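Chains as they are written, first to last, in this note's numbering: chain A, 20 to 137; chain B, 17 to 129.
Worth flagging that the hints you see were computed from the coordinates, not collected in a lab.
Quick caveat: nothing in here was measured; it's all calculated off a predicted structure.
We treat Cβ as the ideally placed atom computed from N, Cα and C, and that holds for glycine.
Treat the hints with care, since some could be wrong.
Partial list, computed: chain A residues near chain B (C-beta under 10 angstroms) [said to hold, decoys possible]:
1. Q25
2. Q56
3. G61
4. P62
5. E63
6. Y67
7. Q73
8. F84
9. F85
10. E104
11. A107
12. R119
13. G120
14. P125
15. G129
16. R133
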Amino acid sequence: GAGVSQSPRYKVAKRGQDVALRCDPISGHVSLFWYQQALGQGPEFLTYFQNEAQLDKSGLPSDRFFAERPEGSVSTLKIQRTQQEDSAVYLCASSLRRGRGGRNSPLHFGNGTRLTVT
Amino acid sequence: DQQVKQNSPSLSVQEGRISILNCDYTNSMFDYFLWYKKYPAEGPTFLISISSIKDKNEDGRFTVFLNKSAKHLSLHIVPSQPGDSAVYFCAASRGGSQGNLIFGKGTKLSVKP
Numbered sequence: 020g021a022g023v024s025q026s027p028r029y030k031v032a033k034r035g036q037d038v039a040l041r042c043d044p045i046s047g048h049v050s051l052f053w054y055q056q057a058l059g060q061g062p063e064f065l066t067y068f069q070n071e072a073q074l075d076k077s078g079l080p081s082d083r084f085f086a087e088r089p090e091g092s093v094s095t096l097k098i099q100r101t102q103q104e105d106s107a108v109y110l111c112a113s114s115l116r117r118g119r120g121g122r123n124s125p126l127h128f129g130n131g132t133r134l135t136v137t
Numbered sequence: 017d018q019q020v021k022q023n024s025p026s027l028s029v030q031e032g033r034i035s036i037l038n039c040d041y042t043n044s045m046f047d048y049f050l051w052y053k054k055y056p057a058e059g060p061t062f063l064i065s066i067s068s069i070k071d072k073n074e075d076g077r078f079t080v081f082l083n084k085s086a087k088h089l090s091l092h093i094v095p096s097q098p099g100d101s102a103v104y105f106c107a108a109s110r111g112g113s114q115g116n117l118i119f120g121k122g123t124k125l126s127v128k129p
């Protein structure tokens, strides 16, 4: 079956440009997460949605980062006025049930969007 | 301050032998632990998990051991196969509203034929 789909796979942005990253979760999955993975690091939590409600955005590094999931399925992560330190792989994950720690149902990750800010 | 630590960036093992990947954590509130496997250019894939009420969980060739007093867990792969070559991430979570998955930096496993 279809997994979590992310687009684009690669994005090169000039410093100061706005970008939008898309995530199509597995159909019917309630929970959706965004993670940021810098080179040589593990994924770091950005934000969590339960259906259309954004329940936790504590990991977003600045107010330039904004995420939405208006109809409880597709999600978009937007980064305004990109900076070089935003360069990373942005991973989206979804899980079938409520809950954020993977204990109710495992997180299924997409292949990520590699963002390079020049 | 890193709450989940994987101190070995890489590990090389001969095919057929045991692979042991280690993970330490500092937050005593963590009560659920997971291992994810990641191939290049792909997202992490869930491998195995363990709750803090257990000290061992086994799934085929993969076994996770948890030592709560030492705040240490390990993943054993027996026998190791070349297809197991990947980066392995340890992750932990706690219950409640702050229970997001916290990942380690990963250990790159190479299984040589």
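Go through the hint on Q25(A) and say holds or violated, using the shortest Cβ distance to chain B against 10 angstroms.
-> holds (8 angstroms)
Return the status of the interface hint for F84(A): holds when the least beta-carbon distance to chain B is below 10 angstroms, violated otherwise.
-> Status violated, d = 16 angstroms.
Against chain B, is Y67(A) within 10 angstroms by beta-carbon distance?
-> Since the shortest Cβ distance to chain B is 7 angstroms, the answer is holds.
Against chain B, is E104(A) within 10 angstroms by beta-carbon distance?
-> Given a least distance of 18 angstroms, the restraint on E104(A) is violated.
Agreement of hint A107(A) with chain B interface, Cβ distance less than 10 angstroms | violated (14 angstroms)
Is the interface hint for G120(A) satisfied, with its Cβ closer than 10 angstroms to some Cβ of chain B?
-> Holds - the Cβ of G120(A) comes within 10 angstroms of chain B, reaching about 3 angstroms at its closest.
Should the interface hint for Q56(A) be scored as holding, given a Cβ-Cβ cut-off of 10 angstroms against chain B?
-> holds (8 angstroms)
Holds or violated: is the Cβ of R133(A) closer than 10 angstroms to a Cβ in chain B?
-> Check passed: Cβ of R133(A) comes within 9 angstroms of chain B, closer than 10 angstroms.
Restraint outcome when G61(A) is required to lie within 10 angstroms of chain B by C-beta distance = Check passed: Cβ of G61(A) comes within 3 angstroms of chain B, closer than 10 angstroms.
Interface hint for P62(A), Cβ within 10 angstroms of any Cβ on chain B = With a minimum Cβ separation of about 5 angstroms from chain B (threshold 10 angstroms), the hint on P62(A) holds.
At a threshold of 10 angstroms, is the proposed contact between F85(A) and chain B supported by beta-carbon distances?
-> violated (19 angstroms)
Hey, does the Q73(A) contact hint survive, CB to chain B under 10 angstroms?
-> violated (13 angstroms)
In terms of the numbered hints stated before, the structure departs from hints 7, 8, 9, 10 and 11, listed from lowest to highest.
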